[in-house]
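With chain C fixed as given, assemble chains W, R and V onto it according to the hints.
Protein chains in written order, with the numbering used here: chain C, 944 to 1233; chain W, 944 to 1233; chain R, 944 to 1233; chain V, 944 to 1233.
Check the hints yourself; a few may be wrong.
[As the list claims (entries may be wrong)] List of simulated lysine to any residue pairs, SDA-like, C-alpha gap at most 20 Å:
1. 1221(C) <-> 1188(W)
2. 1216(R) <-> 1036(R)
3. 1045(C) <-> 1197(C)
4. 963(C) <-> 1190(V)
5. 1221(V) <-> 977(V)
6. 1097(V) <-> 1026(V)
7. 1221(W) <-> 1190(V)
8. 1152(R) <-> 1194(R)
9. 963(R) <-> 1006(W)
10. 1009(C) <-> 971(C)
11. 1201(V) <-> 1190(C)
12. 1228(C) <-> 1152(W)
13. 1228(W) <-> 1198(C)
No lab work stands behind these hints, which were simulated from the structure alone. Bear in mind that the values here come from a model prediction, so they are computed numbers and not experimental data.
There are 4 protein chains.
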Amino acid sequence: MEKERHSDNAVLLMHCPDQKGIIAIITEFINTNGGNILYLDQYVDRVNGIFYMRVEWDLAQFAIPKEKISEYFDTLYARRLSMEYSLSFTSRRQRMAIFVSKMSHCLYDLLARYTAGDWDVEIPLIVSNHPDLKHVGEQFGIPFEVIPVTKENKAEMEAREFELLERYGIDFVVLARYMQVLSEDFIARYPNRIINIHHSFLPAFVGAKPYHAAFERGVKLIGASSHYVTAQLDAGPIIEQDIVRITHRDTIADLVHKGRDLEKIVLSRAVEKHIQRKILTYHNKTIVFA
Amino acid sequence: MEKERHSDNAVLLMHCPDQKGIIAIITEFINTNGGNILYLDQYVDRVNGIFYMRVEWDLAQFAIPKEKISEYFDTLYARRLSMEYSLSFTSRRQRMAIFVSKMSHCLYDLLARYTAGDWDVEIPLIVSNHPDLKHVGEQFGIPFEVIPVTKENKAEMEAREFELLERYGIDFVVLARYMQVLSEDFIARYPNRIINIHHSFLPAFVGAKPYHAAFERGVKLIGASSHYVTAQLDAGPIIEQDIVRITHRDTIADLVHKGRDLEKIVLSRAVEKHIQRKILTYHNKTIVFA
Amino acid sequence: MEKERHSDNAVLLMHCPDQKGIIAIITEFINTNGGNILYLDQYVDRVNGIFYMRVEWDLAQFAIPKEKISEYFDTLYARRLSMEYSLSFTSRRQRMAIFVSKMSHCLYDLLARYTAGDWDVEIPLIVSNHPDLKHVGEQFGIPFEVIPVTKENKAEMEAREFELLERYGIDFVVLARYMQVLSEDFIARYPNRIINIHHSFLPAFVGAKPYHAAFERGVKLIGASSHYVTAQLDAGPIIEQDIVRITHRDTIADLVHKGRDLEKIVLSRAVEKHIQRKILTYHNKTIVFA
Amino acid sequence: MEKERHSDNAVLLMHCPDQKGIIAIITEFINTNGGNILYLDQYVDRVNGIFYMRVEWDLAQFAIPKEKISEYFDTLYARRLSMEYSLSFTSRRQRMAIFVSKMSHCLYDLLARYTAGDWDVEIPLIVSNHPDLKHVGEQFGIPFEVIPVTKENKAEMEAREFELLERYGIDFVVLARYMQVLSEDFIARYPNRIINIHHSFLPAFVGAKPYHAAFERGVKLIGASSHYVTAQLDAGPIIEQDIVRITHRDTIADLVHKGRDLEKIVLSRAVEKHIQRKILTYHNKTIVFA
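Next up, chain C with everything else stripped away, as it sits in the complex:
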């Protein structure tokens, strides 16, 4: 972690139709040009015949200038192998905005990690539809913008949000128990770049009040799921899930209470993987590299 922050590595996330020798071709390209591979993980979806890979290499001795890598890679391999890929550099810190409503547990968990320097990310902006958590923004010295979205004014308010996201140069958005449904337009602007935490074991208990529904059904475990937001509610690619055991003694208030720890840990795990550029999506699923 320490290293990533102070050195400059290239991270290639790619997928293409499966074919012989892809690993050999890519690693050969990196090695020949003086790159030292620090990480390589790949996965072959044999059912659909697709090859996925994440490679990270040290640029210190790399012969190709940083700004030319993409062009070379494109010309030499990407087109030939019908590859889709993204190339990023660890020297550039991603910028993350947090959207919250009234509950603080996920927000504190994210900010505590950020403040401790656990994550290679910038958090320059918190947005909320309520003023309740303004003091948390102040505690951490982060601009806290109240945008009181309602069903009626959503288009207008989202326009203000876009303007903020633009102004702060935000790369991705984390919905930390943000109790508003985003418009399709909003979602379309940030494909696979809005991470939500839903307080159920998806696909069980989609929508509002999942703890009430879980209580009604009498389940013995409750869950939380973090996922990328798509146009369909709570139906986007799942990044991480976990559960905690409950018993007949637990009231709905107990579920809410126990669920909080789950929500914050599950959301933070997902955000961390996103920051580390270790997530690929396909067919509404995620590949999360180790």
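Relative to the frame of chain C, chains W, R and V by itself:
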């Protein structure tokens, strides 16, 4: 466990409208009459105002004859407190039938525990809609009856099953990956006495092929749920659930493979609680005492 | 939770030699005098013949004045039953001090819960042997006292700590990754009132650098354990433990990173149970009521 | 899984000093000669500078004859890269012996999987120091040899065991709760080919009666650990571990009871990875590929 098998204890499972002093009344009754309480666990549903309790006591020095306890209890307390209860004695071994289809993992797990003497139960009968696992019945010396149920002949075949359950004096039925839906008539005859294992984290993925559905949805955990069978498919009171972590690398075949361990453990935990008379049901939920 | 904060309940934690009728006697006492029992959980250690119980009842209609309950209880039952007990009232908020060193994850987790009002507790004081986390105290408006303990000046520095704990009326101390061993004298002043988090699955890896030791041994799970501090290092009564899975890919830095989430959750669970007065200790073990 | 059983794949497990281009070299070798890579997973121990890899490829179109692969590989790469490797073929089923004493739960679990065809392995032999489980051998039609080892006759009895292992062509041995310590001589004959299950969370509670020790210490979780047997008791490379939650209510008998499920699952997971040739050992640790 050892003791239960060789001594004679009374087990009272009860619920009634919550009111002051119930524990005092019941424990007083047992103590005054020379019963030694070995186990007491209670739970108050404050939302609905219902009191639930399980008490187990040693009958060795109990002043009231075994066959009279119920009558006395009824007269003295049950009516007065509007109590519903069941009284049973650990000296009487319950008799359990196992229904299977073609998969053996749950069946072996149940029989291995039975043969090792882990459980205070008799298993005199295995029923299957296929002959595939007949050899398992032979291995363990347990009658294995093939009843080839189909949608067309269900009524007739279930009549044969009733006759078998009757003949073998069966108290409760365990569906150990039995791939047939029971008729409402069948279920009505064994209320809270048919335990099923469903290979998903209910209420997600009700019905057929849950592993396929889980794979499609891209979940990060798969689950198994044991529940009492009711007229509505996979919607009965849940007794026990657990999950196992999966990754994008897992194919449907891997889910099926990983799920097997889950299914057998979750089913066996539920069956054990049932054998120990530690389950109460209410409003389509279970209270499972420790 | 909400209720506990706004109403006044009595909490009785007790143990005595096991004997017939204890539950009946105690519940009778509470009922007869107009107390409404909100919680009762008991446990019998049959090996050592000891009976343990926690009872909580509403004082609103209780006939015996609050300040007299202990006297009455003592005279009527405690001596007769050779009982040891503690009686407390939920109307009185306990006061907790946090001791930290340089790592902030446990501290933030505790303060986030406190600030959100999750816990019925006061946190008026943070003590540290380093100034590094002073800003966290400032963020949350809590006095942060730097007491630079070393082996050489321990007696003197602990005297300052005692003075602080006294001045702030502290009931119990939470060591939130505090990297100093307390003196026997210190520990003796707060029996079962100092909660530590040790970053291993105790009793494995006692002492310093448990993640290094875990890495060396090649374990597949790492753990964290919260316990009451006793004179013997990392050997006090365990309150809560949990684990997280690791693989051969994880470096020591990864274990430290993964361990942080574990440490904070395990510590907070223990602190919560302590605040709820749900922990009894005996023979260097804990009974943690549900 | 199905495929592995019916097709012929080569499995290469290797490690060598880390150096640029190893993956490229090996995958190039396989691809150029017509091999279709089905599985590739690698791991770099950056602290010690060692590269580890598992590659599996389909031999159907492979240009080099099976019996020559090792020679070619040796000449072309292994010496040059200072590589240690093992090459095996999935067409050859490994042969496994099970050693047991008096407890049947692990034995049944292994045999149930074997009988169901879950594992690509042969189990032609069960050895025990007691006759108690002879009926299980008979149930499954597997020779069950009683070798009544004691401290006094160990050398002589182990000689009989060697003869049996030889005669049955055994590749590896599974100690399924076998309550005898093997001699160093025995262990030396089967390096990384004897898998044990220890009923604790190693390195806690090494040696005899770990559940008693866990009970004494008052832990809140109990564990089980499967490991390769080495000369030092319970100190060999750990393959798999897991835990289950316990409470103050659990007696030693309850720990033994709850531990059984853990032991059998943890042992079977380890045996499965061994059968799949997915385990590499180094410095008394294991690399377990996904």
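We went through each hint and held it up to the structure:
no., hint, in the structure
1, 1221(C) <-> 1188(W), "holds (18 Å)"
2, 1216(R) <-> 1036(R), "holds (14 Å)"
3, 1045(C) <-> 1197(C), "holds (18 Å)"
4, 963(C) <-> 1190(V), "violated (54 Å)"
5, 1221(V) <-> 977(V), "violated (23 Å)"
6, 1097(V) <-> 1026(V), "violated (38 Å)"
7, 1221(W) <-> 1190(V), "holds (17 Å)"
8, 1152(R) <-> 1194(R), "holds (14 Å)"
9, 963(R) <-> 1006(W), "holds (15 Å)"
10, 1009(C) <-> 971(C), "holds (18 Å)"
11, 1201(V) <-> 1190(C), "holds (18 Å)"
12, 1228(C) <-> 1152(W), "holds (19 Å)"
13, 1228(W) <-> 1198(C), "holds (16 Å)"
Hints 4, 5 and 6 from the earlier list are contradicted by this structure; the remaining hints agree with it.
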